[in-house]
Structures are given as structure tokens and as C-alpha cells.
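From first to last, the protein sequence lines stand for chains Z and H.
To get our numbering, take the position in the first sequence, counting from 1, and add 16.
Position 81, counted from 1, in the second sequence is what our numbering calls 72; the numbers after and before it change by one each time, with no gaps.
Simulated from the structure, these hints should not be mistaken for laboratory data.
Quick caveat: nothing in here was measured; it's all calculated off a predicted structure.
You may find that some hints are simply not true.
Stated by the list, open to error - The list that follows gives simulated cross-link-like pairs (lysine-lysine, DSS-like), each with its CA atoms no further than 30 Å apart:
| # | chain 1 | residue 1 | chain 2 | residue 2 |
| --- | --- | --- | --- | --- |
| 1 | H | Lys129 | H | Lys162 |
| 2 | Z | Lys487 | H | Lys129 |
| 3 | H | Lys129 | Z | Lys61 |
| 4 | H | Lys46 | Z | Lys133 |
Claimed, not checked - Negatives, chain H to chain Z, calculated, CB over 12 Å:
| # | residue |
| --- | --- |
| 5 | Thr29 |
| 6 | Ile98 |
| 7 | Arg153 |
We put the CB at the ideal spot given by N, CA and C, even for glycine.
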Amino acid sequence: MASNELSSSVKIAAPPRELEREPLVLNNRPLGWISNQIVGIIEGKTPRWWWITFVISALVMLLCPIYIGYLITTGVGVWGLNSPIAWGWAIVNFVFWIGIGHAGTLISAVLFLLRQKWGTSINRAAEAMTIFAVMCAGIFPGIHVGRIWFAWWLFPLPNSNGPIWPQFRSPLLWDVFAVSTYFTVSLLFWYMGLIPDLATIRDRCKNFLGKFFYGLFSLGWTGSNRHWSNYEKAYLLLAGLSTPLVLSVHSIVSFDFAVSQVPGWHTTIFPPYFVAGAIFSGFGMVLTLMIPLRSIFKLHDLLTVRHIELMCKVTLATGTIVGYAYGMEFFIAWYGGNPYEAYCFQNRAFGPYWWAYWIMISCNVITPQFFWFKKLRTNVVLVWILSIFVNIGMWFERFVIVVTSLHRDYIPANWSYYSPTKVDVLTFVGTFGLFMVLFLLFIRFLPLIAISEVKGVTDYADPHHPRGGAKGGHH
Amino acid sequence: MENAHAYGLLAEFDTPADAMHAAEKVRDAGFTRWDVHTPFPVHGMDEAMGLKNSKVGWFSFCGGATGFTAGYTMIWFMNSFNYPIVVGGKPLMSPMFPFPVVYEMTILLSAFGAIFGMLFLNKLPKLHHPLLKNRRFKAATDDKFYVIIETSDPRYVEEETRELLESAGCKHMEMVGE
Chain Z
17 MASNELSSSV
27 KIAAPPRELE
37 REPLVLNNRP
47 LGWISNQIVG
57 IIEGKTPRWW
67 WITFVISALV
77 MLLCPIYIGY
87 LITTGVGVWG
97 LNSPIAWGWA
107 IVNFVFWIGI
117 GHAGTLISAV
127 LFLLRQKWGT
137 SINRAAEAMT
147 IFAVMCAGIF
157 PGIHVGRIWF
167 AWWLFPLPNS
177 NGPIWPQFRS
187 PLLWDVFAVS
197 TYFTVSLLFW
207 YMGLIPDLAT
217 IRDRCKNFLG
227 KFFYGLFSLG
237 WTGSNRHWSN
247 YEKAYLLLAG
257 LSTPLVLSVH
267 SIVSFDFAVS
277 QVPGWHTTIF
287 PPYFVAGAIF
297 SGFGMVLTLM
307 IPLRSIFKLH
317 DLLTVRHIEL
327 MCKVTLATGT
337 IVGYAYGMEF
347 FIAWYGGNPY
357 EAYCFQNRAF
367 GPYWWAYWIM
377 ISCNVITPQF
387 FWFKKLRTNV
397 VLVWILSIFV
407 NIGMWFERFV
417 IVVTSLHRDY
427 IPANWSYYSP
437 TKVDVLTFVG
447 TFGLFMVLFL
457 LFIRFLPLIA
467 ISEVKGVTDY
477 ADPHHPRGGA
487 KGGHH
Chain H
-8 MENAHAYGLL
2 AEFDTPADAM
12 HAAEKVRDAG
22 FTRWDVHTPF
32 PVHGMDEAMG
42 LKNSKVGWFS
52 FCGGATGFTA
62 GYTMIWFMNS
72 FNYPIVVGGK
82 PLMSPMFPFP
92 VVYEMTILLS
102 AFGAIFGMLF
112 LNKLPKLHHP
122 LLKNRRFKAA
132 TDDKFYVIIE
142 TSDPRYVEEE
152 TRELLESAGC
162 KHMEMVGE
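Chain Z with its partners taken away, still in its complex shape (with noise of 0.2 Å):
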């Protein structure tokens, strides 16, 4: 069959067979099984199971309602919060929501730009995730300032208390900046790849309220060259504006840390690690949600046993220089000659947060490099599996950051241990409650997969392939 097709067209002189790369669809799909196939995921009957996990979802996240209320009206001392351990669970999940938050720019904007095509398949799912998650993420920082009413004070608003400014040159501000700046860019980047896909639902839609909702959010668009002209322009701007806006985001988020004089936070190390690091569980819960979503849905042909292959492999790269990371703290903590510095390290090895620290080191360093191998890559359940362990990982490597440098500081007179209460760990299940809710609703009402884009790297989209209708003659 190839042959005759290549003799048909232009002679191209093709790579032997085992060089050649799989195809990013499988088994040929034409283009209209790729808008059935993810359409009819929004078109079919709401599953048993999902109504199911949806409330029980829902019933989870009003723990967040409940606790932060309680929390609200009784003060921040419900907390397991002392001195000097005035950060613990809220900043630890806030870095956490955070990281997870990373995959999805990087995957839209990084992949686009170096041209890996396979990020087609996975980059609206993630960036569905990494909006969910900056929003989780949005609510510790507001919920820890205690005063929860001067949250606004954050913004540099004009108010009538004399005029009374933000102070610019703390770090914790440049965070209010990038964290807002990056749930905006990352939500209108998100909102921009899906216009083509909702005009894709409108066209098929049948009831009236998806006519009306789906024709609305699509904009009127019609698949129109000239718009699409200036579509690809604006997509090609933003992946370049989110690629330095995604590692800038967790440096700030580092910089919380870096600037300040505690031992084991006072590091110039801290940006890159955090950034790999965010990447890392980025990509750990990317593929913790997208494994069942892949078998649950049946789009083994869309998202490939390649593509997991991928993500596992940016997994171990970036797991690795987390790794490489750690182990480099502890040659400065010695090589630098600071005692509270090396005592710091010592300590959070061996001291009382030994068990934090040894499950982070299992979690993040030990579990990537199974992915060395492509028997276990290829392993879909033991990737799942080890993605788990990633995620946990990555959460404590926030607590051993935060807790383990601020409880054993200078003074010893000063040290102290902490431990969350029930409302620190139920305040954070019930975030868990809200991603999956919205997650939920995401792979309910918009496409998962981005229609378009997956159709634009298949051999029908390419007018120079036979398959896209490319006869001999033409160039």
C-alpha cells in the first residue's frame, strides 16, 4: 500500500522502518473519528461513574467551606501554627497547588515551541489542571494572612487609609503578581485553544442550551484561513510569553524563601530546583489523571502508549535534577562553612523530621528512575502507580523546605515542633474535593483533548502527504 502511494506522489527516499517514529494517531484515524470520538464523550450519557465520583467530590470540598469558615471566625490559632513556626500546612500546600500548576503552561507553551507535536494530545487536559490547581492553590495564601478581611490589601488598590501602598521590595508581593499574572495568562491561553473545539461542539449540537452556550463561548468562529492567520500568530506569541512566564513563576514562588536569612531557605540554588521540581509534579499528576481518563474513555489511538513514554521520560529528567538538587544543598550546606547552615541539613536528615525527609527522598528521587527502563514506562498501571508516589513526594518536599528549615533556627532556645491539626489536614482534603469537582466539570461539558490541534499533526491534515490529498506533480 505505501509504495503505491509514494509512487503516486513526490519520491522521498524514506527512513528505514525501525527508524521511523510512531504516529502521534494510531490506526489512521481520519479526521471526523477525531471529533466524534472526543465530541461523543461530551455528546454521550452522563456516566454512572462519574455522577458517582462527582459527589463524592462535592461532598469533600465543603470540608473547605466548613473548616475555612471555622478557621475565619475563630482565628489562625486552629492551626497547629506556633513560634517559630508561623508557616506550616497552608504554605506547604500553596507551593504544592502551585507546582502541580506548572505542567500545563509547560506542556502548551515549552513543547509548542520546540516543536514536540505530541503535546497536542495532553496539553488541554493539563491546562485544564493547572488552572483548577492555581486556583486550590489561591486559597492558602488568602486564608493565611489571618485577617482574612485585609486580604485586599495584597493588591496595590487605592484606599482611604491615608495613601497607604503595597511594599514592592518584599517577595511575598512579587508573588501576588505572578501567581495572579499566571492563573490570567494561563486561563486565556486555555480559553484561545479551545474556541475552534466549542465551534466544533456547536456545529454538532442538537439541544438548544448547548446551541446557545457553545455558540456563545466559540465566538462565532468559523474556521475562516484569514482568522486562523492571525489565531496561529497570537498562539505562537503566548507560548512565548508563558514559557518565561512559567519558570518565572515558581522563582518567585522560591524567592518567598530565598530572600529571606533562614538557614536552609537562604539558598541561590532554590529558583532552578523549584521550577524542576514544579515540573516534576506537574507532569506526576498529569499522567495520575490522564491514565484512567485514557482507558476510561477509550483514547488509547489518541494518547498513545508514546506519549506516556514521553511524559515519563520529562519525569525522570526533571526528577533527577530535583535529586541532583538535594544533593547539592547538603555539598553547600558543608562546603560553605556556615554552622546553622550545616546544622540545618543535618537536621533534616536525622533530626526529629528524619521520616519527611526519607519519604521525600524515596518519593522524588528513587521512583523517576524506574522510568530508565522501557518495560516499566511502557507498564501503563506501574506508571500510574509511581505517578502516585511523585505527588506525595513533591508535597513533602514543600513540608521538609518550609517546616524543617523554620523549626530549629538560630537560637535553640527558640526551637519548637509542629504538627498539623485536623483542620490544616481537612482544609487541604477539602481542596482535593474542589480540583476533582471542577476537573469533573471540565471533562463533562469541554473537549479533553484538543480537537483541532490533534487533527493538525495526523498525515490528513498535511497537504504534502498522500493522505492529505497530495498528488505528484505539485512543488
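Could you slot chain H onto chain Z? The hints should help.
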């Protein structure tokens, strides 16, 4: 006169290559009010249609320049003019400490420029378009490729235009109402 209420002549193609060859013919025939509709951006279609480089970049650049200037101005106004705060005996204004915030504002407004500039150039959102009423055209967001030549084009003559599109290999053609 059928054409008095007609928006344009819609030609359907099965593959991106066919649509692209048709676009090249329409371009060479000198039409100006016409377009190609595809379910995804087709690589090389801009050249086939004779489109110039998109102007979105200028909107993005202006957004970024505004963000950068507004960022520094805002921080200078707030922290060293309207309510000066001395921290650690450091100068009231320096290019360094506001930089992270200015950087984020530059990116934010560049992104606004890119997205809203794109929507502005595309004249979106648009609540009505003659093509959206056409049943067959619904496949433009699925798996078919369309060339539309508007009746208002100065070069439009129904017979000749039909012949041109037929010679490009069009399988189905129809008039679209206003």
C-alpha cells in the same frame, strides 16, 4: 435575480491539498473578497492565499511596552513618591527591586495584546455570519475544507467563478444566502 440575496459561492473539498490548490487558483485569478475555511490551520495556506504576515505581534508589543512602563511608574509612584518607605537605608527607587513585578506586568499585558489583538483583527466575537446558517458548512469544523468567494467581489461572475472552482477539483458547490 438569485445573486442579489446571495452571500457567496461555497465550494467543498475533501482534502487540505485540494483546498490549497483551489486557493492558489483563486489567488492567481485576482479575487479579493474570498476565504478558505478549514477545521485546523493548514500549513502553507497563508502563502496559497497570498496573506501577509499577521499584525498580532504589534498589539502584543504595544501591550508589553505598556506593561513595562506602567509597572515601573506605578511602583515609583507608590513606594517612592506618594508614600516613600525607607527600607534598610536603601535608595527609594532602583531598577532592581520592582523588576519581578514589572516583568510579570509586561508579560500580562503582552498576552492581553496577543489575545485581544487577535480577536480585534478577526472581528470576533461575531454573533452572526451567513456561513453559520448553512447546513453543509457545519463540516468546516469537522473534516471538510471550503473555499468561499463572495458575490460582492469585483471579479465575481457566477459562471466563470463556478468554472474556476470546478477546474480546481471541487466536488460540491452551492450558493450561500445572505
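Now the hints, each set against the structure:
At most 30 Å may separate the alpha-carbon atoms for a hinted pair to count; Lys129 of chain H and Lys162 of chain H meet this at roughly 17 Å. Annotation: proposed proximity of Lys487 of chain Z to Lys129 of chain H holds, straight-line Cα distance about 27 Å (limit 30 Å). A threshold of 30 Å between alpha carbons decides the hint, and for Lys129 of chain H with Lys61 of chain Z the separation of about 23 Å falls inside it, so the pair holds. For the suggested pair Lys46 of chain H and Lys133 of chain Z, the alpha carbons sit about 25 Å apart, so the restraint of at most 30 Å is met.
A beta-carbon of chain Z is positioned within 12 Å of the beta-carbon of Thr29 of chain H; the least distance is around 5 Å. Chain Z draws Ile98 of chain H into its interface by the beta-carbon criterion, the shortest separation being 5 Å against a cut-off of 12 Å. With a cut of 12 Å on Cβ distances, Arg153 of chain H stays outside the contact zone with chain Z, its closest approach being about 21 Å.
Consistency with the previously given hints fails for numbers 5 and 6, ordered from lowest to highest.
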